[in-house]
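K.L.:
The residues making up each chain are set out below.
Protein chains: 2
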Amino acid sequence: MAPVRLDEALFASPDPSNTPPSNSRTVSVGIVVQKYGGSSVSDAASIKRVAQRIVATKKAGHDVVVVVSAMGDTTDELLDLAHEVSPLPDGREMDMLLTAGERISMALLAMAIGNLGQQAQSFTGSQAGVITDSVHGKAKIIDVTPGRIRKAVGEGAVAIVAGFQGVSQDSKDITTLGRGGSDTTAVALAAALDAEVCEIYTDVDGIFTADPRIVPNARRIPLLSYEETLEMAANGAKILHLRCVEYARRNLMPIHVRSSFSTKEGTWVLSTERIAERLADEVPTEQEASVMEQAIISGVAHDRSESKITVVGVPDKVGEAARIFEVLAEAQINIDMIVQNVSAAATGLTDISFTLPRADGQTAMTALARLKDEVGYAQLQYDDGVGKVSLIGAGMRTNPGISARFFKSIADAGVNIEMISTSEIRISVVVNEAQIDDAVSAAHAAFDLEADEVEAVVYGGTGR
Amino acid sequence: MAPVRLDEALFASPDPSNTPPSNSRTVSVGIVVQKYGGSSVSDAASIKRVAQRIVATKKAGHDVVVVVSAMGDTTDELLDLAHEVSPLPDGREMDMLLTAGERISMALLAMAIGNLGQQAQSFTGSQAGVITDSVHGKAKIIDVTPGRIRKAVGEGAVAIVAGFQGVSQDSKDITTLGRGGSDTTAVALAAALDAEVCEIYTDVDGIFTADPRIVPNARRIPLLSYEETLEMAANGAKILHLRCVEYARRNLMPIHVRSSFSTKEGTWVLSTERIAERLADEVPTEQEASVMEQAIISGVAHDRSESKITVVGVPDKVGEAARIFEVLAEAQINIDMIVQNVSAAATGLTDISFTLPRADGQTAMTALARLKDEVGYAQLQYDDGVGKVSLIGAGMRTNPGISARFFKSIADAGVNIEMISTSEIRISVVVNEAQIDDAVSAAHAAFDLEADEVEAVVYGGTGR
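Going line by line, the protein sequences match chains A and B. Read in the UniProt record's numbering, the first sequence has 77 at position 77, and its numbers run on one by one without any break. Read in the UniProt record's numbering, the second sequence has 48 at position 48, and its numbers run on one by one without any break.
Among the clues, some could well be false.
Since the list gives no way to pick out one identical chain from another, each pair is judged satisfied if it fits inside one copy or across any two copies.
[Said to hold, decoys possible] Using 30 Å as the maximum straight-line C-alpha spacing, the simulated DSS-like pairs for lysine-lysine come out as follows:
hint	residue 1	residue 2
1	48	238
2	58	172
3	264	238
4	59	138
5	408	317
6	48	58
7	408	151
8	59	172
9	372	408
10	172	48
Hints listed in this document are in silico derivations from the structure and should not be mistaken for laboratory results.
Turn these sequences into a full structure, and let the hints steer you where they fit.
P.N.:
Here it is as structure tokens:
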């Protein structure tokens, strides 16, 4: 029963020919794009606090473009209303409905800034030139033509842009970008405006070596490459969404993840080249020196939203496994890890296990059940009690012994490893969901990621 | 001390050369524009009920375009939020904020219609081609270019349009139309689409001879001319707003005011010619015959939002009164009635009283106080305890004795008349606010406007 390791080479190391398109991002005064999430603008008091922060940035000499999410629970409340009037609301109308949320928060924020004596104008996604495809609910950005934003900023105003929304190129209908949409709007606008930096404000001080709710002495990571951030986002870290990091990486847009509740430096997400430049240019502080030594491992991510399906007794013939994954692909299900047991010679049968997002579990089981006669497997098993723990670090590809130390730490904590997958900068294991916290803590300790003192503070709500 | 009567000839009788531009409105199947106010879409249940009504109209063979207001108290809640973040919110941003209200109701309504198996698409004011000037908060419609609405309707969909909002011609900023904006949107769209009729849905069964909350046996008026409706709207009747009726009159668009809670016929607002045609074409029902006899008086309107300012001891010289009204005009205050007492020969001083909306009282007093030295009056008196009762009817211009009967009925009820103004189809008196109900009831009875039995039912909320 040796597990087959399937490497994920989705996120290759960056093309070394990628250099920043211009020097404009390094001049001291330029455009700063700031993105504030729903927990940062949950009520009038928060909105006023964010307004003060924006005005301070403007007074420091920057042009400021702000991307804002809907206030607190607005989106959930609108979703509830929609389901009260229709069990299956139309996608176009759902987007029309949900975009009202950002409209409210952005107008209020502009008013609050105006009240501080600084001119501000709010813009819908459409007005800001966020052009998307026509896939309602999860539209992709095709182009950003921020002419009106440039004009407003040129006239000295702060431009407030609705996150999460755009307008479709073909039908001119209002679209929403789906999960992570506001972060992606911010990075896309920053790239189109050739901004210095895209600041993503949240309710923690940056990206930490592990979730501070599990590992209280987790350490803030001062510098992180796009690739490591992608691995973290793809493996359960909630701070930045995959799409947003992918967009930033393609456009080499620096991201600064920081808290809207403090003025501390957060985590800079940069290309590996920019990180190398920074570390070379600056006389390292004590903390940075310590970071350099340990740069080999960035952190431990975890994901509780996994489930596992096992197809038992599959005839070990060419094409049977392929047929299974074909059907799942047709059902639009993203498979994460796959393990195929070595077939027992006596029976000619094998078991195939794979993990997938828990939300897709029912769809996958239904699709596979229809395949029973065709493939002739014995039975299906569904387990929604699993989770994933991942060790991430750009250094691990050149460092032997990392995997061994990771597996040993988990085993020593009494946690059984069910599946394993790796990429060049990540090792992931699937474990019993109830043991995720133990596994995260053990791995975090094994790689000396702890801070000298507790520095992680979660200021606000749940960090969306 | 004889009051000077100042006639208001604002609303002259209609130009007899005005004939309907085409016959298209009289064909049996065409576009119907329906407008639903906030009380008709106050929650999910109301929205579903309105959706059923719309689908029924569509199934009857009509193309349907719907104009909808924000749900229930949404607008007030957004206003509260705005004032929490800023004491003087920017007008552009206020419009951006408030337009979120209709965005929510229209998307939910489109979903609810979709759930009944009928295709529906919602459109913002901007998408619907409602082009306005740039006066935020009370923009005027300049043009309506409903290309997308025509296309949606042509494809068989119900088009749902956000009331109360448009987009400015110059800056492309979102604007709101101010009070009565949703009714005006509906009539303007109906005119641009050459609709058969613009149906205004409310929470009463039409326009009544008096407010049914004061006069329980008030009678529904089946047919009302634009001119009489204008006088009613201008003098406190809350059902239709002045702007909307003016727009309908200019475009000869028939309005049908009716309840969203019943299927009864309501009040048709038409040109005097169309009314004459209707009455000539049809064999009159008993009720209509009774209406014809009494057509001379349409109803009694009242307005509780008046206040009165008296400038005491004004030197009776040419130009002094003019200076007073000049200053008020500069402060954008609409004066309603004016009374100038005959000056006492001994002193050469006179008193000038005028009425104005209570909301403008403070502004007016401040403007006049600054004028004290220049004009040299003795003192200012402010009375916010007054109201206005108006008798309206196209017939009164050719019927002597109407005024006398009106004044006598009010005097007999023990109510003192403070000021009087008249137009060709209206007589208004200012009385103590506490006596408005008595005056309305007395006048209503004096002109035999009562129904044989109580027919007025107020179904929903406050009727906005």
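K.L.:
Which hints from the list above does the structure break, by number from lowest to highest?
P.N.:
4, 5, 7 and 9
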